[in-house]
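Student: So the sequences go chain by chain: A and B. The opening residue of the first sequence carries number 113 in this note's numbering; numbering runs sequentially from there. The opening residue of the second sequence carries number 5 in this note's numbering; numbering runs sequentially from there.
Treat each hint with caution, since some may be false.
Said to hold, decoys possible - Okay, the calculated bits of chain A under chain B, using three or more residues with CB under 8 Å as the criterion:
hint: 1; segment: 289-303
hint: 2; segment: 324-334
hint: 3; segment: 339-350
hint: 4; segment: 359-365
To be verified - Label-pair ranges, simulated between beta-carbon atoms:
hint: 5; chain 1: A; residue 1: R235; chain 2: B; residue 2: S151; range: 42 to 48 Å
hint: 6; chain 1: A; residue 1: G130; chain 2: B; residue 2: R223; range: 54 to 60 Å
hint: 7; chain 1: B; residue 1: R223; chain 2: A; residue 2: Y129; range: 53 to 59 Å
Claimed, not checked - Cβ-to-Cβ under 8 Å is the rule here; a few derived chain B residues that face chain A:
hint: 8; residue: N19
hint: 9; residue: N61
hint: 10; residue: V84
hint: 11; residue: P103
hint: 12; residue: T117
hint: 13; residue: P169
Hints are computed from structural coordinates only; laboratory data are not their basis. Bear in mind the structure is a predicted one, so any value in this text is a computation, not a measurement. Backbone N, C-alpha and C fix where the C-beta goes; we use that ideal spot for every residue, glycine too.
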Amino acid sequence: MTADTPLLSVRGISKRYGARTGCADVSFDLWPSEVMGIVGESGSGKSTLLNCLAGHLAPDTGAILYDTRAEGPRDLVTMAEPERRMLARTDLAFVHQNPRDGLRMGVSAGGNVGERLMATGARHYGRIRAAAIDWLGRVEIAADRVDDPPRAFSGGMQQRLQLARNLVTGPRLVFMDEPTGGLDVSVQARLLDLLRGLVRQMGLSAVIVTHDLAVVRLLADRLMVMQGGRVVESGLTDQVLDDPAHPYTQLLVSSVLQV
Amino acid sequence: MIEVAGVAKSFTVWNHGGAVIPVMRDACLTVRPGECVALTGASGSGKSTLMRMIWGNYRIDAGSVRVAGVEVAGAEPRTVIRLRRETMGYVSQFLRVVPRVPTLRVVAEPLLTLGVAPQTAEARAAGMLAAVNIPERLWALSPTTFSGGEQQRVNIARGFVHPWPVLLLDEPTASLDGANREAVLRLIEGAKARGAAILGIFHDEGARARVCDRAVDVRAFAPPAAA
Chain A
113 MTADTPLLSV
123 RGISKRYGAR
133 TGCADVSFDL
143 WPSEVMGIVG
153 ESGSGKSTLL
163 NCLAGHLAPD
173 TGAILYDTRA
183 EGPRDLVTMA
193 EPERRMLART
203 DLAFVHQNPR
213 DGLRMGVSAG
223 GNVGERLMAT
233 GARHYGRIRA
243 AAIDWLGRVE
253 IAADRVDDPP
263 RAFSGGMQQR
273 LQLARNLVTG
283 PRLVFMDEPT
293 GGLDVSVQAR
303 LLDLLRGLVR
313 QMGLSAVIVT
323 HDLAVVRLLA
333 DRLMVMQGGR
343 VVESGLTDQV
353 LDDPAHPYTQ
363 LLVSSVLQV
Chain B
5 MIEVAGVAKS
15 FTVWNHGGAV
25 IPVMRDACLT
35 VRPGECVALT
45 GASGSGKSTL
55 MRMIWGNYRI
65 DAGSVRVAGV
75 EVAGAEPRTV
85 IRLRRETMGY
95 VSQFLRVVPR
105 VPTLRVVAEP
115 LLTLGVAPQT
125 AEARAAGMLA
135 AVNIPERLWA
145 LSPTTFSGGE
155 QQRVNIARGF
165 VHPWPVLLLD
175 EPTASLDGAN
185 REAVLRLIEG
195 AKARGAAILG
205 IFHDEGARAR
215 VCDRAVDVRA
225 FAPPAAA
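Could you put the whole structure together from the sequences, leaning on the hints where they help?
Tutor: So, in structure tokens, the structure goes:
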């Protein structure tokens, strides 16, 4: 459990949109099996950062060192595109807030899961279908829905299908953008429970962007608070939430409605 | 097992113009294996604050907090995460769980995190729930629907499900009556007997007298301004 190399080592990542700051000089290490939350209001730069980490946006400066299985730490920013895309299909995963952005809505549920396997070289139809059904089961979707398109699924089921599609290749690092965002609270609870179980069983590391402090308290080991593109506070999740030091974090924590 | 030395803590409240409220200075205490130490002092004198500084969810301004030889103050998150997983258990006054997760799984979870096989973990969780008198028909339900006393006992079952060498207990017998209080006191005595270092807050004087070897009055750590 005491790996000496962080899975992800982020160094001085900055991204500007013209004169506007996306994120500025963000650095952190993420260790194997750690779940880190990033919170902040809209425009704080948390989604920009996540998209830089996941390779959807090119940062202006900085390095993102990922500890690859074969060659140890490699910079995702300067890595050649084909190699980066191969990593993105196998070792990395990205769960979008809106399942429509992460699923192919016209393709069957089984096809959605199988597609990622095929992209990594799987060819045997029977085995791909069996793996897809296995994964649908793990995200609590009945096997008899395997041929239905995600269009026919509820929002919560679509989000669970997106998880299955992402996790079928056994990634080590998952990026999540408001994964419980559009869901009813009861559906949210089920997804949270599922996510916690999968993180534990697969030893996953994850970076989760959300504005929901209750979600990070239950899901994340660590927390980073962003404001105006910068990280203003970070630490253990309960440390940041129970003993917030930065004015913005104090405002954020004290603004949560109690139920 | 627990060594607190020269610890100071203040809170800065930014929406009150950055007012700095000192809450503790030069706090020192030691808890040895097999020993149960009570924190005493009036409500608001800093008992829970001191406990949270040991658990690591409160930061400190000065001094040192060592648990099983590991410095908690200023430690990297992963150091504290590992300490909490393997070494230090905490029964807080609040039960924080994912809604809709069955009670049995809530109690088994620390064991699953340690890599214990699910069946073994659930069997041990069941044993703990029985020990604190939670009826079996409730085990499949989420504890969020339980009464205060039942939630407290689920919290205790979870806090004792693994033989952590260090235990922090914040009012473990609060809101418990007769037989349930007795069950919890037996668990504490059992943990002492196996050599756990225990730090506890007990408003219940009878309970304190029975399980604690000595008391540390946190009013001795009050900063001059607040004294």
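Student: It remains to establish, for every hint, whether it holds in the given structure.
Tutor: Taking the hints in turn, this is what the structure says about them:
1. 289-303: Per the Cβ count (4), the hint holds.
2. 324-334: Coverage by chain B holds for the segment 324-334 of chain A (4 residues, Cβ < 8 Å).
3. 339-350: holds (count 3)
4. 359-365: holds (count 3)
5. A:R235 - B:S151: 42 to 48 Å: Violated - the Cβ-Cβ distance for A:R235 and B:S151, about 57 Å, lies outside 42 to 48 Å.
6. A:G130 - B:R223: 54 to 60 Å: 58 Å, holds
7. B:R223 - A:Y129: 53 to 59 Å: Distance hint for B:R223, A:Y129 holds at roughly 55 Å.
8. N19: Holds, because the Cβ-Cβ distance from B:N19 to chain A comes to roughly 7 Å (cut-off 8 Å).
9. N61: 4 Å, holds
10. V84: 6 Å, holds
11. P103: Hint on B:P103: holds, closest Cβ of chain A at ~4 Å, below 8 Å.
12. T117: 6 Å, holds
13. P169: 17 Å, violated
Checked against the numbered hints above, the structure violates hints 5 and 13; every other hint is satisfied.
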